[in-house]
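K.L.:
Here's the letter readout for the chains.
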Amino acid sequence: MMALLFALWLGVAYCVMSGRSGAALWGGYAVLLASLLWFLHHASDPLAILL
Amino acid sequence: MDLRYRQLNALGLLAISAVLAYAFASQFITGELPCPLCLLQRIGFVAVGLGLLMNVMLGPRPAHYGFAIIAAIAGGIFALRQVSLHVIPGTPPYGDPFFGMHFYTWAFILFAVMITGLAALVGLRAQYEDTAGYQPLRLQPLLCKLGVLALLLMMAANVLLTFAECGPGVCPDNPTDYWLLR
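The listed protein sequences correspond, in order, to chains L and B.
Numbering-wise, the first sequence is residues 120 to 170 according to the working numbering.
Numbering-wise, the second sequence is residues 17 to 198 according to the working numbering.
Chain L with its partners taken away, still in its complex shape:
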């Protein structure tokens, strides 16, 4: 799953390298959102310091 996230970032890099500025920026935000969602999923256990 994490390797897929890295691969998606590589796809964004491909858009940048081929000059597709709109796709690169929107794709970048989409993959960043996916990374944050993955983080929230992974950080869903209670944070002991806050308890």
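No lab work stands behind these hints: they were computed from the structure.
Values in this document were obtained by computation on a predicted structure and should not be read as measured data.
Hints are all accurate, no fakes.
Label pairs and their computed distance ranges (CB to CB):
1. L:W145 to B:V99: 28 to 34 Å
2. B:P152 to L:H160: 35 to 41 Å
3. L:L155 to B:G133: 20 to 26 Å
4. L:A153 to B:E48: 24 to 30 Å
5. B:G106 to L:H160: 25 to 31 Å
6. B:T147 to L:L152: 27 to 33 Å
7. B:A37 to L:G138: 24 to 30 Å
8. L:H160 to B:R20: 39 to 45 Å
9. L:Y148 to B:A172: 20 to 26 Å
10. B:G139 to L:G141: 20 to 26 Å
11. B:L169 to L:A153: 20 to 26 Å
Glycine is no exception: its CB is placed at the ideal position from the N, C-alpha and C atoms.
We have chain L already, so just place chain B on it with the hints.
P.N.:
Same frame as chain L, but now just chain B:
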């Protein structure tokens, strides 16, 4: 055409690639595999690098700096989460310290430095006079070529090594061996 600001961004790409390369070197030398949060911090560095890559390849734009700053904030959140997990007394740290601090603490500091640096850079108006837009890699100055290739190499290496470590599933919290070598 004034390419100085593209080259300045290329220097940033080389710096980020050096951080990722050091993380790889540490992974192989000490044999400590990166945890899921460590990998997310690497994603944060890659994402900031992509903002700089946009500046190098497509020309400096506030939107590209904005993307890099938001990515650095996300990376800082990933790092701070790991710092908060290990700051509790009696909680063992993850990995060996580097110059007195652990990688996740360094990562948080680096993300904070990047946010500050990028926020300072975005206000330099002279760079937006570069209206050439997309410039293929073969037309870029040597420094830009080096920066771009270094980041792309680090990104490809991350895809391969992360797949080797975690495979198609979820990465274990405390990885001890490579999924591909089991």
